[in-house]
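Please take these sequences and the hints and turn them into a complete structure.
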Amino acid sequence: MGKIGDLFYIKGNKKFKRSKKWEGELNKCIRCGYCYELCPLFKTNNWESDTPRGKLLLIYGMINGEIEPSQEIVDKIFQCFYCKNCSDNCSAGVPVTEILTDARADLIEQGFEVLGTLVTIDEDLCSVCGICVPLCKYEALSIEPDGKDKEKIVVDKVECRGCGLCVSACPSGAITQKEGCEITLPELHKKVEELIKEHGKKLVVFACNWSMFPGMQLSESPILVKTEYGIIVSMCSGRVAPELILKAFEGGAWGVMVAGCPPEECDHDGNYKTRRRLVLLKNILKELNINPKRVKLEWISTGESAKLQNEINGFSKEIEKMGPINKIEVSKEIGG
Amino acid sequence: MKIDIEKLKKIVGSENVSDDIADLYVYASDASVHHALPSAIVRPKTIEHVQKIMRYANKNKIPIVPRGAGSGTSGHTVPIDGGIILDMKRMNKIIDIVPTDMLVRVQPGVVDDDLNRALKPLGLFYPPAPASSRIATIGGEIAANASGVRSVKYGATRDYVYGMKVVLANGDLVNMGANTRVHSSGYQLERLIVGSEGTLGVVVEATMGIRPIPKYRCLAVANFDKLEDAGNTISDIISSGCEPSMLELMDKIGIVAVNKAMDLGLKEVGAIILFEADGNVKDAVDFEIEKMKKICKKHNGTDIKKSYDLAERTKLFSGRKKLFAALSRYKEGIICTDLADDMGVPNSKIAEAAAKIHEIAKKNNVIMAVYGHCGSGVIHTKIMLDPKKKSQWKDAENVIEELYDYIHSVGGVTSAEHGIGLSKAPPWKKARPDLIPVMRKVKKALDPNNILNPHKIMDAPDDWVGATNLRYKVG
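Protein sequences appear in the order of chains G and X. Going by my numbering, 95 is the number at position 95 of the first sequence; the sequence numbering is gapless. Going by my numbering, 1307 is the number at position 307 of the second sequence; the sequence numbering is gapless.
Hints were generated in silico from the structure; no laboratory data involved. Beta carbons: idealized from backbone N, C-alpha and C, even for Gly. Careful: at least some of the hints might be erroneous.
Straight-line alpha carbon distances no greater than 25 Å define the calculated DSS-like cross-link-like pairs of lysine-lysine that follow [to be verified]:
1) Lys1226(X) x Lys1291(X)
2) Lys15(G) x Lys1473(X)
3) Lys1045(X) x Lys190(G)
4) Lys1002(X) x Lys1444(X)
5) Lys1120(X) x Lys317(G)
6) Lys1389(X) x Lys21(G)
7) Lys282(G) x Lys293(G)
8) Lys15(G) x Lys1388(X)
9) Lys1394(X) x Lys1362(X)
10) Lys1045(X) x Lys1093(X)
11) Lys1388(X) x Lys17(G)
12) Lys20(G) x Lys1390(X)
13) Lys1009(X) x Lys43(G)
14) Lys1293(X) x Lys1362(X)
15) Lys1267(X) x Lys21(G)
16) Lys1093(X) x Lys43(G)
17) Lys1226(X) x Lys21(G)
18) Lys1321(X) x Lys84(G)
19) Lys1215(X) x Lys1120(X)
20) Lys1473(X) x Lys20(G)
21) Lys21(G) x Lys1291(X)
22) Lys21(G) x Lys1331(X)
23) Lys1260(X) x Lys84(G)
24) Lys1093(X) x Lys190(G)
Pulled from the structure, derived: some chain G residues nowhere near chain X, Cβ distances all over 10 Å [said to hold, decoys possible]:
25) Ile30
26) Ala105
27) Thr120
28) Lys197
29) Gly252
30) Ser301
Per label pair, the in silico range of CB-to-CB distance [claimed, not checked]:
31) Lys1282(X) x Lys21(G): 27 to 37 Å
32) Asp1225(X) x Leu115(G): 57 to 67 Å
33) Gly1475(X) x Pro242(G): 17 to 27 Å
34) Lys1260(X) x Lys15(G): 32 to 42 Å
35) Ala1178(X) x Ser70(G): 44 to 54 Å
36) Lys1305(X) x Asn326(G): 52 to 62 Å
37) Asp88(G) x Ile1304(X): 25 to 35 Å
38) Gln71(G) x Gly1013(X): 54 to 64 Å
39) Gln110(G) x Ile1304(X): 31 to 41 Å
40) Lys1260(X) x Pro262(G): 46 to 56 Å
What follows is the structure in structure tokens.
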């Protein structure tokens, strides 16, 4: 038997002036772990260090000097979409994301390279058109001087929530996010392809993390996969770029549904962009001889999973009636 | 401790092994007060993975601590000797649902609520229902013999285990039990694994019984000015032959805490009782509820409400469901620790035990809420204290000693549904010295090198405060 309690803690001496004040709140966290259930990152990565409880533990360890901040720890702390499912549902009332924000600010001040779920700008591709700047509800993007006579877009790494609205809106494709959290455009493209090609889904449903609280957490069930539809959870309906919908049709989908939060309920105001974008997309679909009724937008509030299920079921039936995409369906059905 | 990380990576893939401090520090704790660093985290996906890891660990005498959701309250998965944490959450397949045989076959990482979501469309359910069912894995529930709100009628995990596949310390795979609800074919080894807290083998598949969802469920709530009256009501309900499918108690401390944390606006009376009846005949359900209502009234129960409606029932139960975490909000400066959290007492002693808990807490300068599945004899408490004061941890030690001396003196048990782990080992060892040598022999027979979750239950240290680092900063 080894010496019990003989740990190899490193006594750190880094400054955590903002996060230190949360020590009392971190003690209030009873570490029950119920926040796992609600964390989209945990569902993607399945490591406990990606859960809200895990992040709070790491912050607690750092502010008390039990662990020295490392790049790996910093990467974990900067992986969060601020969906706030954890803090909104914590029965101990621990303000998880507020604590996380202060820890992020402290770590940036210590000079760490931070990436996580934040967006980055490729300055070679960026034309500084500024479209992204007013899109961000959290004012995380700004146009700043870049030497003499030049400007650039700057990301506020504390404020960026990683929703990715700017990524889908950038006309130059200059804004990106790190792969690995199933949120980048290539990853979403791959998911669409998998649903249609590998799982034979006819209907692709894009649901935002707030509208769609996925039924199953982590377990795999042979019974529940026998549906005609497949669900892709994105961080915001505004994240669903039109090209993803076109990709689904190109792959052979019979229909696409986008579920977003109702107007004025979206944390990022992404739903307004979705609404406008889908109007324009439907016009393009007519040009492509695809019945625009194959795309459906629904507003689903948090906790309305039953409504979402009903809408999916109803739309599945409509799609079933329409059948696979027929080249002349627009002119036949709506006279386009 | 030298662990061949490359070898482990070859077994499960490099993305499923970590010896990074970001992971080690997180996997060092669960929902208990303990904290001790492992040397590596490994996430197997198949039975063969588990066998290979066990063979390697056994040969090199490396501790292995199997882990589900890490929601245990007594430090079961805290690796006090370091070693490998075997994170079982990737083995998460519901392999088969067989309604004709009323059983399911699952991998250990399947989440309890997920299993019930899959069963619901078939009109079936898996009954034990611990409060942590949203994250708790079936493997973890087996390891702790978990039970919950419906155990008063439906029993604990052990009542649903028909059979299981277990990888032993030497890597051998053993198929225990049967596919039937009963069997009398040799030692009931599957029952031995239930409640063994990962010390005897690694469960890699389980065959569990399921039940049909009853057509009607009616939940009722009654207020009591005195905790004693509420306790006596529970004892009376059980001894008078009622068949509640749930019978829960919540004292004033609990009520105040959930009001503060969740703004529920519950009347802050001495205690609340929640009682439920279920069945396929509404008149029969009504009969049970009315019978229990009468007993409540006999013991001065007031404001009795009942409902069959799911939304209303969920609302009535919401305070109890989240009480555990809400206790942290009872008072500024104090926090809720998972200590002395799940003793079991004989039915006739509910009121007496509840009063005794408050008396011992007051004497030792801590606060303790009394709640739980009292219908099945489970009393939950938590010790609420100021974690920064060293003296408060001494207070907690005194509470535990006094409280368990009392619980054992009236024929109660140390742990009813959470397990012994580290924090409950000292009082349990004090109460059951007769069991310790027998359990050590069983352990030695199955795990001669003592690699499976070593130094837990009968081998746990006598000093729970010093056994590991406390997760709180003291002083």
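Consistency of the hints with the structure:
no., hint, verdict
1, Lys1226(X) x Lys1291(X), "21 Å, holds"
2, Lys15(G) x Lys1473(X), "17 Å, holds"
3, Lys1045(X) x Lys190(G), "23 Å, holds"
4, Lys1002(X) x Lys1444(X), "24 Å, holds"
5, Lys1120(X) x Lys317(G), "23 Å, holds"
6, Lys1389(X) x Lys21(G), "18 Å, holds"
7, Lys282(G) x Lys293(G), "8 Å, holds"
8, Lys15(G) x Lys1388(X), "21 Å, holds"
9, Lys1394(X) x Lys1362(X), "14 Å, holds"
10, Lys1045(X) x Lys1093(X), "10 Å, holds"
11, Lys1388(X) x Lys17(G), "20 Å, holds"
12, Lys20(G) x Lys1390(X), "21 Å, holds"
13, Lys1009(X) x Lys43(G), "22 Å, holds"
14, Lys1293(X) x Lys1362(X), "32 Å, violated"
15, Lys1267(X) x Lys21(G), "34 Å, violated"
16, Lys1093(X) x Lys43(G), "15 Å, holds"
17, Lys1226(X) x Lys21(G), "40 Å, violated"
18, Lys1321(X) x Lys84(G), "20 Å, holds"
19, Lys1215(X) x Lys1120(X), "12 Å, holds"
20, Lys1473(X) x Lys20(G), "13 Å, holds"
21, Lys21(G) x Lys1291(X), "53 Å, violated"
22, Lys21(G) x Lys1331(X), "18 Å, holds"
23, Lys1260(X) x Lys84(G), "20 Å, holds"
24, Lys1093(X) x Lys190(G), "23 Å, holds"
25, Ile30, "5 Å, violated"
26, Ala105, "19 Å, holds"
27, Thr120, "22 Å, holds"
28, Lys197, "23 Å, holds"
29, Gly252, "28 Å, holds"
30, Ser301, "16 Å, holds"
31, Lys1282(X) x Lys21(G): 27 to 37 Å, "55 Å, violated"
32, Asp1225(X) x Leu115(G): 57 to 67 Å, "58 Å, holds"
33, Gly1475(X) x Pro242(G): 17 to 27 Å, "59 Å, violated"
34, Lys1260(X) x Lys15(G): 32 to 42 Å, "33 Å, holds"
35, Ala1178(X) x Ser70(G): 44 to 54 Å, "50 Å, holds"
36, Lys1305(X) x Asn326(G): 52 to 62 Å, "58 Å, holds"
37, Asp88(G) x Ile1304(X): 25 to 35 Å, "32 Å, holds"
38, Gln71(G) x Gly1013(X): 54 to 64 Å, "22 Å, violated"
39, Gln110(G) x Ile1304(X): 31 to 41 Å, "58 Å, violated"
40, Lys1260(X) x Pro262(G): 46 to 56 Å, "31 Å, violated"
Checked against the numbered hints listed earlier, the structure breaks hints 14, 15, 17, 21, 25, 31, 33, 38, 39, 40; every other hint is satisfied.
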